[in-house]
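Trainee: Protein chains in written order, with my numbering: chain G, 6 to 224; chain B, 6 to 224; chain S, 6 to 224; chain R, 6 to 224.
A portion of the hints provided could be inaccurate.
The list makes no distinction among identical chains, and a pair is therefore deemed to hold if it is satisfied within one copy or across any two copies.
Once the Cα atoms are required to be at most 25 Å apart in a straight line, the calculated DMTMM-like pairs of lysine to aspartate or glutamate come out as [stated by the list, open to error]:
no.: 1; residue 1: K87; residue 2: D48
no.: 2; residue 1: K169; residue 2: D48
no.: 3; residue 1: K169; residue 2: E58
no.: 4; residue 1: K34; residue 2: E15
no.: 5; residue 1: K157; residue 2: E58
no.: 6; residue 1: K169; residue 2: D122
no.: 7; residue 1: K87; residue 2: E58
no.: 8; residue 1: K169; residue 2: E15
no.: 9; residue 1: K34; residue 2: E58
no.: 10; residue 1: K157; residue 2: D48
no.: 11; residue 1: K34; residue 2: D160
no.: 12; residue 1: K157; residue 2: D122
no.: 13; residue 1: K87; residue 2: E10
Simulated from the structure, these hints should not be mistaken for laboratory data.
Number of protein chains: 4
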Amino acid sequence: MEEKETGRLEAFSDGVFAVAITLLVLNIKIPGLDLSASHLPNDAQLRPMLLSEWPMLAAYATSFATIGVMWLNHHRLFTHIKRTNTVLMLLNLLLLLVIVFIPVPTALVAEYLVRPDQHAAALLYSGTNVILAVSFNLLWRYASYHNRLIGKNVDIRAVRAISKQYWFGPLPYLVAFILALFNTPASLILNFLLALFFAIPPRLPRPVSEQSFEQQGDT
Amino acid sequence: MEEKETGRLEAFSDGVFAVAITLLVLNIKIPGLDLSASHLPNDAQLRPMLLSEWPMLAAYATSFATIGVMWLNHHRLFTHIKRTNTVLMLLNLLLLLVIVFIPVPTALVAEYLVRPDQHAAALLYSGTNVILAVSFNLLWRYASYHNRLIGKNVDIRAVRAISKQYWFGPLPYLVAFILALFNTPASLILNFLLALFFAIPPRLPRPVSEQSFEQQGDT
Amino acid sequence: MEEKETGRLEAFSDGVFAVAITLLVLNIKIPGLDLSASHLPNDAQLRPMLLSEWPMLAAYATSFATIGVMWLNHHRLFTHIKRTNTVLMLLNLLLLLVIVFIPVPTALVAEYLVRPDQHAAALLYSGTNVILAVSFNLLWRYASYHNRLIGKNVDIRAVRAISKQYWFGPLPYLVAFILALFNTPASLILNFLLALFFAIPPRLPRPVSEQSFEQQGDT
Amino acid sequence: MEEKETGRLEAFSDGVFAVAITLLVLNIKIPGLDLSASHLPNDAQLRPMLLSEWPMLAAYATSFATIGVMWLNHHRLFTHIKRTNTVLMLLNLLLLLVIVFIPVPTALVAEYLVRPDQHAAALLYSGTNVILAVSFNLLWRYASYHNRLIGKNVDIRAVRAISKQYWFGPLPYLVAFILALFNTPASLILNFLLALFFAIPPRLPRPVSEQSFEQQGDT
Numbered sequence: 006m007e008e009k010e011t012g013r014l015e016a017f018s019d020g021v022f023a024v025a026i027t028l029l030v031l032n033i034k035i036p037g038l039d040l041s042a043s044h045l046p047n048d049a050q051l052r053p054m055l056l057s058e059w060p061m062l063a064a065y066a067t068s069f070a071t072i073g074v075m076w077l078n079h080h081r082l083f084t085h086i087k088r089t090n091t092v093l094m095l096l097n098l099l100l101l102l103v104i105v106f107i108p109v110p111t112a113l114v115a116e117y118l119v120r121p122d123q124h125a126a127a128l129l130y131s132g133t134n135v136i137l138a139v140s141f142n143l144l145w146r147y148a149s150y151h152n153r154l155i156g157k158n159v160d161i162r163a164v165r166a167i168s169k170q171y172w173f174g175p176l177p178y179l180v181a182f183i184l185a186l187f188n189t190p191a192s193l194i195l196n197f198l199l200a201l202f203f204a205i206p207p208r209l210p211r212p213v214s215e216q217s218f219e220q221q222g223d224t
Numbered sequence: 006m007e008e009k010e011t012g013r014l015e016a017f018s019d020g021v022f023a024v025a026i027t028l029l030v031l032n033i034k035i036p037g038l039d040l041s042a043s044h045l046p047n048d049a050q051l052r053p054m055l056l057s058e059w060p061m062l063a064a065y066a067t068s069f070a071t072i073g074v075m076w077l078n079h080h081r082l083f084t085h086i087k088r089t090n091t092v093l094m095l096l097n098l099l100l101l102l103v104i105v106f107i108p109v110p111t112a113l114v115a116e117y118l119v120r121p122d123q124h125a126a127a128l129l130y131s132g133t134n135v136i137l138a139v140s141f142n143l144l145w146r147y148a149s150y151h152n153r154l155i156g157k158n159v160d161i162r163a164v165r166a167i168s169k170q171y172w173f174g175p176l177p178y179l180v181a182f183i184l185a186l187f188n189t190p191a192s193l194i195l196n197f198l199l200a201l202f203f204a205i206p207p208r209l210p211r212p213v214s215e216q217s218f219e220q221q222g223d224t
Numbered sequence: 006m007e008e009k010e011t012g013r014l015e016a017f018s019d020g021v022f023a024v025a026i027t028l029l030v031l032n033i034k035i036p037g038l039d040l041s042a043s044h045l046p047n048d049a050q051l052r053p054m055l056l057s058e059w060p061m062l063a064a065y066a067t068s069f070a071t072i073g074v075m076w077l078n079h080h081r082l083f084t085h086i087k088r089t090n091t092v093l094m095l096l097n098l099l100l101l102l103v104i105v106f107i108p109v110p111t112a113l114v115a116e117y118l119v120r121p122d123q124h125a126a127a128l129l130y131s132g133t134n135v136i137l138a139v140s141f142n143l144l145w146r147y148a149s150y151h152n153r154l155i156g157k158n159v160d161i162r163a164v165r166a167i168s169k170q171y172w173f174g175p176l177p178y179l180v181a182f183i184l185a186l187f188n189t190p191a192s193l194i195l196n197f198l199l200a201l202f203f204a205i206p207p208r209l210p211r212p213v214s215e216q217s218f219e220q221q222g223d224t
Numbered sequence: 006m007e008e009k010e011t012g013r014l015e016a017f018s019d020g021v022f023a024v025a026i027t028l029l030v031l032n033i034k035i036p037g038l039d040l041s042a043s044h045l046p047n048d049a050q051l052r053p054m055l056l057s058e059w060p061m062l063a064a065y066a067t068s069f070a071t072i073g074v075m076w077l078n079h080h081r082l083f084t085h086i087k088r089t090n091t092v093l094m095l096l097n098l099l100l101l102l103v104i105v106f107i108p109v110p111t112a113l114v115a116e117y118l119v120r121p122d123q124h125a126a127a128l129l130y131s132g133t134n135v136i137l138a139v140s141f142n143l144l145w146r147y148a149s150y151h152n153r154l155i156g157k158n159v160d161i162r163a164v165r166a167i168s169k170q171y172w173f174g175p176l177p178y179l180v181a182f183i184l185a186l187f188n189t190p191a192s193l194i195l196n197f198l199l200a201l202f203f204a205i206p207p208r209l210p211r212p213v214s215e216q217s218f219e220q221q222g223d224t
């Protein structure tokens, strides 16, 4: 009975995620697509052309993983969020605005993988991730504040575990952003590790003493 | 039991909204995408190139907000519309036809932001919004006329509040259209304010004396 | 209980219809998109450029209407088809293959609207419609044969009415195809009228004497 | 009650399949699209231009069939998989990553249909199919291992029949890959036959003695 309210919000978001993740393939160029049969490169020529596309393939895989992990997080939040209102829909639109934009900085970063001395691309990429982390936080804080839009039968510890993991979010992305001013590869690696971290669900605090793992130092 | 009839209409519409809103990102050009590694612009060159893309980014955000708000309105209408027939489906297709077209005038307006003395782009943009407002009205008037396709348990005051807010719709968009003949920025600002206005749900008339807020002058 | 089996088939088809109908907007070119601010055409130049796009807009509206009406028919069939199997899925894929292809002949026809003496474009367009009508028939004949995949509580007269309307399908499209060899505009108008005809639901045979309207001559 | 958990995973996957299968049409070029009315090719010129597009059409139909059959298999697996967890979602993302990539090697193969002496395109195409078969296996093995994520009321023989059919998967695709080193057409034909094979549902082992048909030699 209570389940239905976010159905269309999720369906629309799923559609946006699905289109955004699929459009990534349009960035992969097919060598010799505009050549006539007699001018097609032969095997000896085609192989280096295909191999030289590795930055594009890396950008494809990275963007795919990023948007995929974002979908996973969106899915995780909406197993707890059951009700909806205009503010939530607008915050969700803000989040989707950033997600749909992700392929742009990713393509730019892939282009500049061969020029690690240049920082502008990595700055834009890290900056987008900061805004994304903030958008996710806004959505979750708004929905979970005093359980505003959370379902009634939801495990309150799971809600708290997400809140903790997300609290942790924008700060390290900001570190990656500042790092991009000095060292492009280090910034990209940190961004990649953070994506991995958010793919993992927050650990539920079974015994009080081990809480969630991003806070191991505290306990 | 009564809920199901519009399910596929909503799923199809969600898909169209999702694709239309995501395709907007294809208009953002990535600088130097077709250059070889040795000819890539360096940071000093890339930053002004990225900054000069602000009209494109503005168009992206505006179109995204416009289509997003349209989705929000569509979602709001279909919490009340529960049944469907061929006429409703055709009116819904007409509405989607206009929504899918929105990126075209928006891109044109973004292009002409730097030439506010030229009015054709703003006219096309405002004209599209007039047609959109009319399409929304047609859909809603048809469905709500004598509660033709409205669910049986729906709050009748909510239905009336939407009817009032929508009645208000096409006229100010027509004002924005006429304004575009004389003053492009004023027309765009009015269009933006109207989008904001339709993002806000119609206020329910709790006591009779304060009705819906767009009619404050009457009471 | 019986309702669920075609759910994912419909969701996937809705997605394909939604993407196909939205991609149509990519064919509309935005004048001066690749020009710098100082070279933008002024109003006097831009208006004829926009007006000269009318064949593209006509193609956009026609394709949109065609795919929309196809969606409407697909929706109508699947209010009766409740079960699914591998053959139905493959026939549905065949149907989607033709629908996704529709923008190609439509764009070609729009291009050749200014050259009605040339017939190849209209032939391709009509030919695609013949194949589409045959695909729809295959899907419906397979599902409705001995009520193979039809729901148990379905109105048998509605099923028969669709069978009659569809029987009528491929033949007039074949007429339009042959007409395209001699007279392009007449062929296009016939195709348009047939799309309109299939947008209208088949009339249910209330009294036996008036059957469905495409067979008025018989009774 | 148990049905719901994979709903959003399937909706997201359906979206990705739908977009990927529809984007294929963008590879079909429309002759003379960028020409003014006076320079349009006439019928005598247009017909050979359209006929020369047959490799593109073959690639469109093949990719459409491939992705369609993959959707059919995905649908078949998820009639049995009822629960979900983070690992399944990541394996599903890996599978979608490969599926979205399919149009790239297919377009390359279509280009090289006229040059069967060149093997690089067929190698890339066969290699992608090997990775696809492995991804499908990983997803299914993970979900079906000790019935980890399988529904409780599922026919255990159907699950076993899929496991057997899939076990058979990567090996013949590897044969097709090695074949591509020596004979491009033979490799493509084997790939096509394998796609057909996986479109057919695994035969249920009614009497013990006839098991599933890919293992006829054993019994």
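Trainee: Run every hint past the structure and note whether it holds.
Mentor: The hints, checked one at a time:
1. K87 x D48: neither (56 Å within a copy, 46 Å between copies)
2. K169 x D48: neither (54 Å within a copy, 37 Å between copies)
3. K169 x E58: neither (40 Å within a copy, 37 Å between copies)
4. K34 x E15: neither (32 Å within a copy, 29 Å between copies)
5. K157 x E58: neither (50 Å within a copy, 46 Å between copies)
6. K169 x D122: neither (36 Å within a copy, 52 Å between copies)
7. K87 x E58: So K87 and E58 fail the 25 Å test inside a copy (44 Å) and across (39 Å) alike.
8. K169 x E15: within (23 Å within a copy, 29 Å between copies)
9. K34 x E58: both (8 Å within a copy, 20 Å between copies)
10. K157 x D48: neither (62 Å within a copy, 52 Å between copies)
11. K34 x D160: Answer is neither: 47 Å inside a copy and 45 Å across each miss the 25 Å cutoff.
12. K157 x D122: neither (52 Å within a copy, 56 Å between copies)
13. K87 x E10: This pair counts as both: shortest intra-copy Cα distance 6 Å, inter-copy 15 Å.
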